[in-house]
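Participant: Join these two chains into a complex; the hints should help.
Chains as they are written, first to last, in the numbering used here: chain A, 60 to 239; chain B, 4 to 235.
One or more of the hints may lead you astray.
As the list claims (entries may be wrong) - No farther apart than 30 Å at their CA atoms in a straight line, the calculated lysine-lysine pairs in the DSSO-like style are these:
id, chain 1, residue 1, chain 2, residue 2
1, A, Lys128, B, Lys234
2, A, Lys128, B, Lys231
3, B, Lys234, A, Lys116
4, A, Lys116, A, Lys232
5, A, Lys116, A, Lys128
6, A, Lys232, B, Lys231
Treat the hints as calculated values from the structure; they're not laboratory data.
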Amino acid sequence: MADDETLENVLARVALGDAQAFETLYRRTSAKLFGICLRILRERGDAEEVLQETYVKVWNNAARYAQAKASPITWLVTIARNQAIDRLRSRKAPAADLDAALDVADEQPSPEAHALDLRERRRLEDCLGALDDAGRDIVRRAFFGEITYERLAAMDGLPLGTVKSRIRRSLVKLRTCLEQ
Amino acid sequence: MSERPIIGDEPLDDATLAGEYVLGLLPETERRAVERRMASDLPFAALVDGWANRLQPLADAVPAVAPPARVWSAVGAATGGARAGESFWQSLAFWRWTTVISSAAAVAGFLVVVSLSQELRQGAFVASLQAPTQGPTFLARLDAAGRLVILPQAMQASAATVPELWVIPPDGRPRSLGVIAPARESEIRVPQPLAPFLVAEATLAVSLEPQGGSPTGQPTGPVIATGKLQKI
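This is chain B alone, in the form it adopts within the complex (with noise of 0.2 Å):
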């Protein structure tokens, strides 16, 4: 160390680090870097939330300015499902479009058998839910061989809602997984037909439904956490 000869290219602590990338200091390969850091280093991370925080106020001093209205019309073009004005959880489209597949789903019911076999056979995966306020809440561990455990971590009993537990697909179309007990751990068999939904980077999510479980089929409480399933 001591034959480094620049000066103030010490090794830096991790907090300066990410107040110097939170600043945009650092040049195009640099900040990469931290990025994918950033990914996989949550206590870093969270330095880097730390500093866009306390810095914050520096963007509310900045005036608000109404964007054109092309702006919104080139997002919703974008991204295809969030279209202005609807709901795609309430759109007739979707709910004729839910019908098609769980039919083709039944019929393709061998296909969905070998495909979710590749996947699950190589071998587990965790997720870790997290509520916007707290910590991870939930804990959810998928084996090969699709049975999904989970744990409450912190969760508040209520005599009228239960939760249950939702895997959010690239569709970006709700699938239930079942209502889940609140206090204890749960077991669930994945349904054949969500199984191939079940692979790494799938989001899952919490809502809090009737006694009962959603009554639509489609979350209509609130989202109490959400996380993505990481392979272990």
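So that you can see chain A by itself, here it is in the shape it has in the complex (with noise of 0.2 Å):
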């Protein structure tokens, strides 16, 4: 139970190859990736779906993790949302009720929630702050999958290029303050 090895270690052995090492990275950072699949797809079996593909994924490219600029938490997030993501736009049937999906889940704190720096979650919420309610509210729904340009167009009915410069324009706002 070597909890205190580092994700990055633990990749590295997965990438090597070593099925205990995979076994840790699973135990250690299932529940988080689950959370995420459940919030974007809001569908249990969905959700077990995409999140069994995740770690699939992660086992057969666990080498490129090597030249990836993220920490591997967020590598492993990055997959697990676009899988989710995916399955979301290729599903025809709207969404069910959140509720629902998380009422029969059984919640415990991620053993990774403590990783990321508090300054960077401070950084994030002041500069979605300085957007207008519109881009903010944009932002943290596409994350989950909710929003698509085509979407939002025909939601507002308004030209696609209206939509795109619209949301563009909130996209540099918040990378220069992000970069500050």
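Facilitator: The structure is reproduced here in structure tokens:
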């Protein structure tokens, strides 16, 4: 139970095909990734399948982490989010009720929850706060797959170009702020 | 450019495109195009990683939920070797299998040589081996004659340990290419039985081992860098 081993190290061992390291990685990160999958997909069956796909992908692609410029947990969350968003886009039926999905969930705190520097969180909050209400709302919802340019244009009855233009301005502003 | 009538469809900068991708705003075809570009354009991939890092607090705010045990069983089934609780570096079945493979490789030596030269004859390969927290730490080059040169970029020399180079074929089991020098170029003649593993996309890794190399024939120390062979 070497839980003080850094996730970087665990991932490097997974890249070498170490099955024990893979189990450690799963034990330490799967609840966090499952929470994200549920948040995006709002349906347990789909979320379980996507979580499975995510870890199969991690097992096969762990060697690529060495080239990523992200923390291990961000790299894992990115894979899970992308898998979940792709699943969401390919699904035709509307999403089920999030509360129903979470009600049956056995919630537990994530061991990695404290991994992130509080200052990073504060900075993101401040920079999101500097956007107008609509821009802030769009960023938050888009992160969990709820919005595409096309959907937004259809919802607001606006031309696609207008919607893109507006959101891009928010993105430029957000990035400028985050990089200060 | 000025004849483009659509407001908001002006050419956009890569950083904003990376943000649009991370936020999932793009339609399917554009998402795939961004992913293809990330695979070959490292500065662009770094922009995408940058957005993911900065937006990570949004993910951290989501409550963790323990998945049911059946998910891990399904993952184990889908990944074959990754069985719960057992490392195949330690498993008896693995050692038996390695022995079988080694003797089979010795018997089939001639065939191995033929298949090797097929791929190697077509050109040379390079690999940039990176550590999780820094840039390239080793550069490797493999020429058409099966000569592998590896050059340390930034390595802390230590009296207690030596770096050892491994190739990890698709079966996931590391094969040693030998101990290398920590501070200068090393040249390795790829042993004939390992040559078929040194193909495009093969993973190379460096681990730290006791003086003289790994005593077990498998990595025992920490992995300090990994990278993939790319055809040049």
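Participant: A separate judgement is required for each hint: does it hold in the structure or not?
Facilitator: Cross-check of the supplied hints:
no. : hint                  : in the structure
1   : A:Lys128 <-> B:Lys234 : holds, 23 Å
2   : A:Lys128 <-> B:Lys231 : holds, 16 Å
3   : B:Lys234 <-> A:Lys116 : holds, 24 Å
4   : A:Lys116 <-> A:Lys232 : violated, 34 Å
5   : A:Lys116 <-> A:Lys128 : holds, 18 Å
6   : A:Lys232 <-> B:Lys231 : violated, 37 Å
Checked against the numbered hints given earlier, this structure breaks hints 4 and 6; the rest are met.
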